[in-house]
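This is what each chain is made of:
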Amino acid sequence: MPPEMDGNSSTYGLEGKGAALRGPEGASRRYGRDWAWWQDKLVASVVFVGGVSAIVFVLGIFAFVTREGLGFILHTMDVREFFGSIAWRPTSLIRPTYGALALIVGTAFVTGLAMVFSVPFSLGAAIFIGEFAKGRVRETLKILVELLAAVPSVVWGFIGMTVMNEFLIRTFGVPVGLNAMNAGLILGLMAAPIMTTIAEDALKAVPDGYREAAEAMGATRWQVVWRVVLPAAKNGLLGAVLLGVGRAFGETMAVLMASGHSIHLPTSPFDSVRALTATIAAELGETAVGSDHYRALFTLGILLFVVTFFINLAADLVVRGVRGGR
Amino acid sequence: MGRSNRRGALTFCLLFSLSCGAGDGPRGGHRTVIQNKGSDTLVNVAQAWAEAYGKVNPSVVVSVAGGGSGTGISALINGTVDIANSSRPLSDSEAEAVIQARGVPAQAFVVGYDALAVFVHRDNPLEALTIPQIAEIYGEGGSLDRWEQLGIRVPGCPSGKIVRVSRQNNSGTYTYFAEAVLHKNDYKLGSLDLHGSKDVVDLVSKTPCAIGYSGLAYASTGIKMPCVAREEGAPCIQPTMESAVDGSYPIARPLFMFTAGEPEGAVKAYLDWILSDEGQCILVGKGYAPVRADLPCLGPEKQ
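Going line by line, the protein sequences match chains Y and H.
If you're matching positions, the first sequence starts at 1 in my numbering and goes up one per residue.
If you're matching positions, the second sequence starts at 327 in my numbering and goes up one per residue.
No lab work stands behind these hints, which were simulated from the structure alone.
As the structure is a computational prediction, the values presented were derived from the model and not from experiment.
Glycine residues also receive a C-beta, built at the ideal position from the N, C-alpha and C atoms.
Hints may be right or wrong, so weigh each one.
As the list claims (entries may be wrong) - Computed list of lysine to aspartate or glutamate pairs in EDC-like fashion (alpha-carbon distance at most 20 Å, straight line): (1) LYS514/H - GLU474/H; (2) LYS381/H - ASP598/H; (3) LYS487/H - GLU505/H; (4) LYS550/H - GLU590/H; (5) LYS514/H - GLU146/Y; (6) LYS532/H - GLU81/Y; (7) LYS134/Y - GLU81/Y; (8) LYS204/Y - GLU131/Y; (9) LYS204/Y - ASP316/Y; (10) LYS487/H - GLU131/Y; (11) LYS134/Y - GLU166/Y; (12) LYS550/H - GLU166/Y; (13) LYS550/H - GLU453/H; (14) LYS510/H - GLU557/H; (15) LYS524/H - GLU166/Y.
As the list claims (entries may be wrong) - Label-pair restraints from in silico Cβ distances: (16) SER546/H - ARG80/Y: 39 to 47 Å; (17) GLY60/Y - ASP620/H: 54 to 62 Å; (18) LYS524/H - ARG80/Y: 48 to 56 Å; (19) VAL359/H - ARG67/Y: 33 to 41 Å; (20) GLY84/Y - HIS509/H: 27 to 35 Å.
Take the sequences, apply the hints, and build the full model.
What follows is the structure in C-alpha cells.
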C-alpha cells in the first residue's frame, strides 16, 4: 500500500467520524491506519467483490452450460435435425431424435402472442400513469402494477391450468384449454409490469421543457403525448418492449403449466405448444447426468442463453442510445 | 398439498430430532435415518410407510422424497439414498453404474403392483378399450385421432378431437406405458406431456375431449375408467386391485425398491416390515395391489 493512500483515506470524508472518535487533536492523521481506515478498506473490498461477482457468475454459468452442452453440439447433434425437425424424442426406445424446431417455434409463438396482448396495454398504462394520471390515482396505479410483478410464476401457471383451461374450453369450444393462447395471456400479464415500469421511466426522462414548449404552441394534451413525448421516448419504449420480450421468452414454470407442453407446430393460437424453457424444466430432473439427452437439454440451454443475451443486449443498447443521444 | 406438509413435518423432525416423538426410548436420542427417494407412483405409499414405521420403531426415521424413478436410481448410484423407489426395473446401464459406483450389485425388492388405468372424462360414453386401440391412439403412425372413429360422440367436445394426455418423457409411467401398450413404439407427437400423475387426472377430469393414463391409485371421481381388453375379442377387464394382483388386467406392473447390495440392519428391518402383513395392508389402503393375496386386510368379501 503506498503511504499517500493512508493520508488520502483519512482525510476523505472520514474526518468527521474520526475526529469524533479520537478527539479534536487529529489523532487519525497521527496513527494513519485507524479503525475508520480499516472500515473504509473493508467496505471497499466487499463492494468490489459484490460488483465483480455478477461478471464472475455470468461467465461461470456460461462456461458451465457450454461445457455440458458442447460435447453434444460437436459429436451427436445433427444440425439439420435440430433446427429442421419437430421430432423431439430423446427417450425413444427405437432411436432417439433431437429435433428442436417445434420447441423453438413454440417459444417464439407464445412470446409473440404475449407481446400482442401486453404491448398495447403496457404502453397505454405507462402513458396514462406518466402523462395523464395525477396524485393518488397515479400512486395507486403504480403500486398495483408493481404488485402484479410480485405474483410468483407458479401461481400464474396454476391459474392457467385451472381457471383459464376451463374458461377457454367453454368460451371458444376448443378441445383443450392448455394452449398457446392460455400461455400467451398469462405471459402477457407477467411481462406487463416490467414493460409498464420501464416505459414510464422512459416517458419521465423526456424533459418537461419539451411538453411546455408544445403546450405553449397550443397543442392539446394528446397532441403533446403523440407528437412530442412518444417520439422523444421511442428508444426507451423499444427497450421496455425488448425487456418484456426477454421476460416472456425466459419464463418457465407458467409456460410449462399453461401451454399444454405438446410438441406441435402451431397453426392457430388454440393449439397446444411446447417451450424450450419448459422442456428443460420437465426433463432435466430425471435425466442421467452426462447422457446424450442431458447434453441435448444443455444445448437447448445454450440456445436460450444466447437468444436472451442478445435480447437484453439489444434492449440495453437501445435504452443507452436515448441517454447518449440527448 | 398434504404430501408436502407431511414431508415438511418430517424434515422438521429430522432437524430437531430430540423434540419430536418420545425422546426417552431405549436408545435415548440416538436415531437412525433411512433415506428413501424415487418414483412418484410410489411416493404416496412410501410416505405412508415411513409414517407408520415411525410408530413401529421410533428409533428409525425414514425420509421420503419423490422426483421420479430415474431420480431415485441416480441417487442410489450417487450413494445419497439407502433405498431407491422405482416403478420400472433397472436398465442394464443403471445396474452397471451401481456396481461401478457402490462396488456391489443392486438388490431389487418387489413391494407391490400398480395397474395403469386409461381414463376419459366422466361424460364420455366410452365403456371399453383394447390395447391395440390405445396403441392406435397414442402410438406413432396410429390412425385414431377422433372420437367418431371409436363410434362415440362425446358431450362437451364439439370438435371430436381426441386430446391425448401423456407424461414427461422420462417418467417411469411413460416408459412403462410405451413398453406395455405401444410395444416400445414411439409416441405420436403432439400429446400434452404433463408433469405428474395428479396433473393428468385433473386435466382429464376438466377436459371432455381428453384421454389420459396414470397409476390406478390416482383415480378420482371426475374421471371414468373403461375396461381394457388385451386384444379384440378378449375379455374386457376393469382396472381394479384384484385384477392387478391376479394378473388378468393387461397393464399392471411390479413396483420396486432397490438397495445397493444386500440390505443390513435398519434398512433390512424396514424392508421386511414393508413386506409384512402390516406394510402390505398400508399399500392396499393406498390403492395398489399387494405382493400376495393372503392378507388380513383383504377379507373374503373383497376377494
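Each hint, compared with the structure:
Distance check on the hinted pair: LYS514/H and GLU474/H sit about 19 Å apart at the alpha-carbon level, within 20 Å; holds. At roughly 16 Å between alpha-carbon atoms, LYS381/H and ASP598/H fall within 20 Å of each other, so this suggested pair holds. Proposed proximity of LYS487/H and GLU505/H is contradicted: the alpha carbons are some 25 Å apart, above 20 Å. For the hint pairing LYS550/H with GLU590/H, the CA-to-CA distance comes to about 44 Å; that exceeds 20 Å, so the pair is violated.
Taking the CA atoms of LYS514/H and GLU146/Y, the gap is about 43 Å. The hint is violated against a cut of 20 Å. With a C-alpha separation of about 36 Å, the suggested pairing of LYS532/H with GLU81/Y is violated against the 20 Å cut-off. About 56 Å separates the Cα atoms of LYS134/Y and GLU81/Y, which puts this hinted pair outside 20 Å; it is violated. Using a Cα cut-off of 20 Å, the hinted pair LYS204/Y and GLU131/Y holds, with the two alpha carbons roughly 9 Å apart.
Proposed proximity of LYS204/Y and ASP316/Y is supported: the alpha carbons are some 18 Å apart, at most 20 Å. For the suggested pair LYS487/H and GLU131/Y, the alpha carbons sit about 49 Å apart, so the restraint of at most 20 Å is broken. With a C-alpha separation of about 39 Å, the suggested pairing of LYS134/Y with GLU166/Y is violated against the 20 Å cut-off. Of the pairs offered as hints, the one joining LYS550/H and GLU166/Y holds, with about 19 Å between alpha carbons and a cut-off of 20 Å not exceeded.
Note on LYS550/H and GLU453/H: the hinted pairing holds, with a Cα-Cα distance of about 9 Å set against a maximum of 20 Å. Our distance criterion of 20 Å between C-alpha atoms is met by LYS510/H and GLU557/H, whose separation comes to about 17 Å. Annotation: proposed proximity of LYS524/H to GLU166/Y holds, straight-line Cα distance about 17 Å (limit 20 Å). The given range of 39 to 47 Å is respected by SER546/H and ARG80/Y, whose C-beta atoms sit roughly 45 Å from each other.
Roughly 59 Å separates the CB atoms of GLY60/Y and ASP620/H, a value that falls within the hinted 54 to 62 Å. Between LYS524/H and ARG80/Y the beta carbons are some 39 Å apart, a value that contradicts the proposed interval 48 to 56 Å. Taking 33 to 41 Å as the suggested C-beta distance range, the pair VAL359/H and ARG67/Y conforms, at roughly 34 Å. Between GLY84/Y and HIS509/H the Cβ separation comes to about 29 Å, which falls inside the hinted range of 27 to 35 Å.
Comparing the model with each numbered hint stated earlier shows that hints 3, 4, 5, 6, 7, 10, 11, 18 do not hold.
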